[in-house]
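Quick mapping for you: the protein sequence lines, in order, are chains X, L, A and U.
Reminder that position 79 of the first sequence reads as 232 in this note's numbering, one-by-one numbering, no gaps.
Reminder that position 81 of the second sequence reads as 234 in this note's numbering, one-by-one numbering, no gaps.
Reminder that position 60 of the third sequence reads as 213 in this note's numbering, one-by-one numbering, no gaps.
Reminder that position 24 of the fourth sequence reads as 177 in this note's numbering, one-by-one numbering, no gaps.
Just so you know, these hints were derived from the structure itself, not from any lab.
Be aware that one or more of the hints could be misleading.
Claimed, not checked - Residues from chain A that face chain U, not an exhaustive set, calculated with beta carbons under 10 angstroms:
1) V187
2) L220
3) R224
4) L230
5) G238
6) V240
7) P246
8) V254
9) I279
10) G314
11) G317
To be verified - Residues of chain L clear of chain A, computed beta-carbon distances all greater than 12 angstroms:
12) T253
13) D285
14) F298
15) K321
16) L330
The C-beta atom is built at its ideal place from N, Cα and C for all residues, glycine as well.
There are 4 protein chains.
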Amino acid sequence: MSDMTETTPGWLPHDELEQARSRMPILYVEAVPVRVDDSGEVTSIGLLLRMGSGGAVSRALVSGRVLHHERVRDALLRHLEKDLGPVALPRVPASLQPFTVAEYFPTLGATPFHDPRQHAVSLAYIVPVTGDCRPRQDALDLVWFSPEEASSAMVLNEMHGGHGALLKQALAHVGCLF
Amino acid sequence: MSDMTETTPGWLPHDELEQARSRMPILYVEAVPVRVDDSGEVTSIGLLLRMGSGGAVSRALVSGRVLHHERVRDALLRHLEKDLGPVALPRVPASLQPFTVAEYFPTLGATPFHDPRQHAVSLAYIVPVTGDCRPRQDALDLVWFSPEEASSAMVLNEMHGGHGALLKQALAHVGCLF
Amino acid sequence: MSDMTETTPGWLPHDELEQARSRMPILYVEAVPVRVDDSGEVTSIGLLLRMGSGGAVSRALVSGRVLHHERVRDALLRHLEKDLGPVALPRVPASLQPFTVAEYFPTLGATPFHDPRQHAVSLAYIVPVTGDCRPRQDALDLVWFSPEEASSAMVLNEMHGGHGALLKQALAHVGCLF
Amino acid sequence: MSDMTETTPGWLPHDELEQARSRMPILYVEAVPVRVDDSGEVTSIGLLLRMGSGGAVSRALVSGRVLHHERVRDALLRHLEKDLGPVALPRVPASLQPFTVAEYFPTLGATPFHDPRQHAVSLAYIVPVTGDCRPRQDALDLVWFSPEEASSAMVLNEMHGGHGALLKQALAHVGCLF
């Protein structure tokens with residue numbers, strides 16, 4: 154999940170966020186950006202390219218916290234804009250029913266998902282985007298993969314903390330099976 | 154469900170359709186056309202206005218058969234275009250998981266759904282449309298209702314065969330509750 | 154949602170919970186307890202009967218917080234046991250995909266859901282129970298209603314904070330429509 | 154999908170079924186039998202072992218047609234009993250929302266699913282079973298696999314017509330990811 158240095162007024166100060174993280178599950182949203190054709194079929198999947206602290210490259214889904222008094226769909230929209238830029242034109246789903254719920258634990262092995270910083274519970278959605286994507290913040294690039302490429306071990310192995318498992322769930326949910 | 158006199162070459166001749174209808178369940182798709190805002194929230198629901206054989210007016214969802222060798226998403230697209238016109242720009246969902254399955258029986262009371270002509274099983278989807286809707290075929294008009302209006306007894310009572318029940322399920326699925 | 158005075162060691166002290174509640178969304182699970190027949194069809198819905206501080210009677214679903222380092226399915230199981238007793242034999246679903254996500258805001262009107270104490274986001278599940286239910290804690294009783302009774306204005310009006318809306322969503326999801 | 158020689162009175166005679174199969178999509182249900190623990194987590198998956206006409210062994214999910222005037226949940230129950238025996242005690246889901254819809258085409262490549270006999274559209278469900286499974290009819294055995302074994306190429310390759318793809322979708326839906 155993306156490391157969030159949130160400095161907007163009204164958001165949680167850093168030390169309070171740290172304290173909360175050690176005491177309760179933190180609510181996240183995650184989005185799998187996709188291109189679809191006219192019949193709704195997924196033609197490609199967008200993955201963020203990130204540079205880790207050690208210089209290693211990794212790929213990630215759009216992800217971030219839900220803030221106090223923020224609706225889930227507004228959090229989705231905010232993180233999509235933060236990660237894909239202002240003209241990506243994401244189609245946030247009409248229903249809040251997620252395709253899955255991913256549970257990130259600070260300890261390894263409890264679930265396929267892992268986040269050393271915290272216990273995060275994430276509502277995951279498929280989000281078609283139709284506009285031009287210009288990654289911002291800490292992402293170097295957004296790369297589009299065919300469903301078959303996105304299902305490959307090479308791509309999945311470049312995803313950390315269980316994002317590869319979540320991507321597999323997303324691909325299965327939209328019927329992309331290889 | 155719409156009465157379909159299908160005369161395109163390759164489709165089922167009328168008497169064979171009648172025979173099949175008395176022998177096996179017929180697969181349908183149904184779509185609830187909605188307008189959504191930027192955050193994906195449903196702002197209005199589109200209902201077809203139809204004139205019954207006795208002159209009575211009724212409201213209906215987009216509905217029709219899946220043909221032999223036709224994908225569910227292509228059937229959805231075809232019926233949306235048939236009922237809403239060529240520039241409605243429907244967003245067929247990326248996942249085939251329907252929000253519900255409606256079972257129309259020729260006998261009353263087995264389920265909330267009823268179709269005197271046949272046993273039809275229908276995969277139901279919420280479909281945002283962004284373009285201009287110009288109803289064709291046997292529909293007089295497409296009327297947009299607010300979620301609250303669409304939930305009213307007045308509107309629901311103008312829907313037949315269980316379409317009102319299906320609309321209630323759709324509204325519940327997208328969190329429109331009154 | 155149930156008021157939770159949690160005193161088990163390791164849980165959040167009361168003042169820290171209050172502080173967290175004013176700073177971030179709190180993750181909840183909710184369960185709609187149902188009886189089903191052999192074909193899985195819902196035959197009755199169980200609602201908790203509670204006595205409010207002013208002596209007014211209200212009805213509620215099973216509901217409670219997810220704790221730090223607790224899986225969603227373990228939280229569901231814990232709250233079901235807390236509210237229905239140790240021999241209710243709940244069938245927690247195999248998939249974590251909830252039928253909906255309910256967003257309770259401390260301000261009225263943002264969503265159909267309201268909780269004056271906090272911003273809570275709740276994953277909602279239908280849970281068949283097959284055993285004997287003996288409500289514990291602050292619930293006076295668990296009363297079973299037919300789907301038609303549970304859909305009635307009389308019952309829905311006795312539910313607070315949006316639990317009536319959530320029950321309507323649950324009934325729609327399982328095809329109980331009146 | 155299982156080859157069904159249905160001779161019960163009232164069912165479709167063999168030649169009429171053949172004719173219908175060439176003219177319209179045939180509605181199927183499919184069930185993935187699973188064992189779950191008290192928290193609902195899948196601990197094993199049951200696959201039918203079948204002997205093909207050429208002597209080759211294959212593995213399959215529970216699968217079969219929905220008959221005229223039969224509810225989807227009754228068709229599920231009937232095929233579960235047919236394939237797993239009378240004391241398997243399957244828990245047919247309370248909601249008819251399938252985890253996916255599988256489209257089997259007589260031509261290869263249109264979807265991941267293939268059935269040379271027909272165009273079949275199948276509603277797929279995860280079904281926990283708690284009783285003793287005694288395969289009947291044309292199945293030699295029902296073998297239970299751990300989620301990890303069921304995800305292995307060895308098992309998936311023994312499944313035909315896309316049942317391996319459907320099993321992958323089922324495993325992803327219940328969060329079993331390897």
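Violations among the numbered hints: 2, 5, 6, 8, 10, 11, 12, 15, 16
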